[in-house]
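**Q** This is what each chain is made of:
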Amino acid sequence: MKNYFFALCIAMLLFNRAGASEAGMPQLNPEFWASQIFWLIVIFFSLYLIIWKIFLPKITFSIENRKSRIVNDLNEAQKLKESAEKKLKEYKQIVEDAKKEAKKIIEESNKNLALDLEKNKKKINDEIEKEIQNAELEIKNLNKNSISKINKIAEEVSGEIVKQIIGSEVNKSNVSAIVETVAKKEMEKNL
Amino acid sequence: MSLNPMHQFEVYRLGPEINLGSINLSFTNASLFMTISASVILFFLFIGTKKKSLIPSKIQLVSEMSYSFVAKMINDTAGSSAKPFFPFIFTLFMFVLFCNMVGMLPYSFTVTSHIIVTFVLASIVFVGVTIIGFIKHGLKYLELFVPKGVPVILLPLIVIIEIISYLSRPVSLSVRLFANMMAGHTMLKVFGGFVISLGLLGGWLPLGFSVALTGLEILVAFLQAYVFAILTCIYLNDALNLHH
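Protein sequence lines correspond, in order, to chains A and B.
Last residue of the first sequence: 191 (the numbering used here), numbering continuous.
Last residue of the second sequence: 244 (the numbering used here), numbering continuous.
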C-alpha cells in the first residue's frame with residue numbers, strides 16, 4: 001500500500017517536473033552534504049558525550065537506588081514477618097503453659113479439697129461417734145445410779161414410814177432387802 | 001509553501017556562510033533541526049533526572065522506561081558483553097527517534113529523511129562495529145565471512161556473498177530509514193495538497209487519509225528508530241560474539 005503511494009508520488013513528481021523549479025530529490029543535491037555531515041557529527045557526538053557522562057549515570061543511580069531500596073524493604077519485611085511469627089509462637093507457648101499450669105493447679109486443689117473433706121468428715125464422724133459413746137455411757141451410768149439412788153431413797157422413805165407407823169426403829173437391812181425385792185419386781189414389770 | 005511534495009526536503013543556509021577551505025560548512029535548516037532534536041532529548045532527560053525520587057514522576061518514569069527499553073533490547077540481542085556500548089546505542093536510538101518525531105511537526109524539517117545523514121549514522125555504526133570486531137578477535141574476525149558447515153566447493157561463492165552482504169549493511173541500514181521517512185512525508189504532503197486542490201467538497205477524504213497517515217507515520221517514526229537501534233545491536237552481536 002505504502003509502496004504504491006510512494007510510486008504514485010514519484011510518478012506525479014516526474015509529470016510535474018517541468019513546472020517545478022527544483023527538479024528531483026533535494027537529498028541527492030551534494031551542495032550541503034559536507035555541512036550536514038559536519039553538523040551531524042558535531043551534534044551527535046556532543047549529545048553522546050552529554051548523555052553518557054551526565055544523564056545515564058543519573059538514571060542508572062536512580063534505578064539501582066530504587067531496586068536496592070525495594071530489595072532492602074523486602075528483606076526487612078521478611079525479617080519482621082519471621083520475628084512476628086516467632087513472637088506468635090512464643091505467645092502461643094506461653095498461653096499453652098499457662099493453661100497447663102492452671103489445669104494442674106485446679107486438679108491439685110480439687111485433690112486437696114477432696115482429701116481435706118475426707119479428713120474432716122472422718123474427724124467429725126469420729127467425734128460424733130465419741131460423743132454418742134460418751135452419751136450412751138452417761139445414760140447407762142445414769143440409769144444404774146438412778147436405780148440405786150431410787151432404791152436408797154425408797155429404803156429411807158419406807159424406813160421413815162415404817163417408823164412413824166409402828167413408832168420404833170426398824171432394822172435397816174430388813175427394809176433394804178424388802179425394797180430391793182419390790183423394786184426388782186416393779187422394774188421387771190416396767191422394763 | 002510550494003505544492004511540490006519534495007520541497008519540504010530542501011536544505012538551505014541559515015545565517016552566514018561558513019567555509020573551511022573550499023568546503024561549505026554553513027549552518028542550515030538541517031543543522032537547526034538536529035540541534036532542536038538534541039536539545040529536546042537533553043531537556044527531556046534533564047527534567048527526567050532532576051529529582052531522582054523513589055516514586056518516579058511521569059517524565060522520570062518515561063526517561064527510565066526508555067533507558068530500560070534500550071537496555072533490554074541490547075541485552076536480548078547482543079548479550080551482556082555489549083553493555084559498554086549502551087550509551088552509544090541509547091544515544092543513537094534517542095537521536096533517530098527524536099529526529100523522526102520532531103520531523104512529524106508541521107513545517108518542520110526531517111533530518112533523517114536525508115540519505116547523507118542516515119548514511120553517516122550507519123557508517124559510524126558500520127566502521128565502529130568492524131573496528132570492535134578486529135580489536136576483539138584480530139584476524140579471526142574474518143571468519144565471519146566463512147560460515148561453518150559449507151561445502152568447500154561452494155566456499156568461494158559464499159565468501160563473496162557474505163562480504164557483499166557485510167559491506168551492504170550501511171547501505172541497507174541508511175536507505176531503510178531514509179526511504180521510510182521520505183516516503184511518509186511525501187505522502188503526507190501529497191494528501192495535504194489534495195485537500196487543498198479538491199476544496200471544500202472533495203477534500204474530506206484526503207483529509208481523513210492525512211489524519212490516518214499521520215498516525216501511521218508516528219508509528220513508523222518509532223519503528224524505524226527501533227529497527228535502526230536493534231540492527232546496530234545485531235551487528236554488534238556479530239562483532240562481539242562471532243558465532244555464525
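It should be emphasised that the hints constitute simulated quantities derived from the structure, not laboratory data.
It is possible that part of the hints are untrue.
Said to hold, decoys possible - Straight-line alpha carbon distances no greater than 25 Å define the calculated BS3-like cross-link-like pairs of lysine-lysine that follow:
#1 A:K149 with A:K172
#2 B:K52 with A:K58
#3 B:K58 with A:K53
#4 A:K67 with B:K136
Said to hold, decoys possible - DEER-style ranges, computed between Cβ atoms:
#5 B:I161 with A:Q78: 55 to 63 Å
#6 B:L61 with A:L28: 24 to 32 Å
#7 A:S46 with B:S22: 22 to 30 Å
#8 A:I70 with B:V146: 43 to 51 Å
#9 A:I70 with B:G202: 57 to 65 Å
#10 A:L28 with B:L155: 32 to 40 Å
#11 B:Y226 with A:I70: 22 to 30 Å
#12 B:R176 with A:G24: 18 to 26 Å
#13 A:S46 with B:V171: 23 to 31 Å
Idealized CB from N, CA, C, for every residue including glycine.
**Q** Is the Cα-Cα distance between K67 of chain A and K136 of chain B 25 Å or less?
**A** With Cα atoms ~33 Å apart, K67 of chain A and K136 of chain B exceed 25 Å; violated.
**Q** Do L28 of chain A and L155 of chain B keep their Cβ atoms within the hinted range of 32 to 40 Å?
**A** holds, 38 Å
**Q** With respect to the beta-carbon atoms only, verify the hint that S46 of chain A and S22 of chain B lie 22 to 30 Å apart.
**A** holds, 26 Å
**Q** For the range 18 to 26 Å, tell me whether the beta carbons of R176 of chain B and G24 of chain A fit it or not.
**A** holds, 21 Å
**Q** Looking only at beta-carbon atoms, does the pair I161 of chain B, Q78 of chain A fall within the given range of 55 to 63 Å?
**A** Since I161 of chain B and Q78 of chain A have Cβ atoms about 58 Å apart, the given range 55 to 63 Å holds.
**Q** Indicate whether the distance between the beta carbons of I70 of chain A and G202 of chain B respects the range 57 to 65 Å.
**A** At roughly 59 Å between Cβ atoms, G202 of chain B and I70 of chain A fall inside 57 to 65 Å, so the hint holds.
**Q** With respect to the beta-carbon atoms only, verify the hint that Y226 of chain B and I70 of chain A lie 22 to 30 Å apart.
**A** holds, 29 Å
**Q** Do L61 of chain B and L28 of chain A keep their Cβ atoms within the hinted range of 24 to 32 Å?
**A** violated, 42 Å
**Q** Does the Cβ pair S46 of chain A, V171 of chain B satisfy 23 to 31 Å?
**A** At roughly 27 Å between Cβ atoms, V171 of chain B and S46 of chain A fall inside 23 to 31 Å, so the hint holds.
**Q** Given the hint of 43 to 51 Å, check if I70 of chain A and V146 of chain B actually sit that far apart at their C-beta atoms.
**A** Hint holds: Cβ distance 48 Å, inside 43 to 51 Å.
**Q** Do the alpha carbons of K52 of chain B and K58 of chain A lie within 25 Å of each other, as the hint requires?
**A** holds, 8 Å
**Q** Given the hint that K149 of chain A pairs with K172 of chain A, test it: the Cα-Cα distance must not exceed 25 Å.
**A** Since the Cα atoms of K149 of chain A and K172 of chain A sit roughly 16 Å apart, the hinted pair holds (cutoff 25 Å).
Taken one by one, the earlier hints fail for this structure at numbers 4, 6, listed in ascending order.
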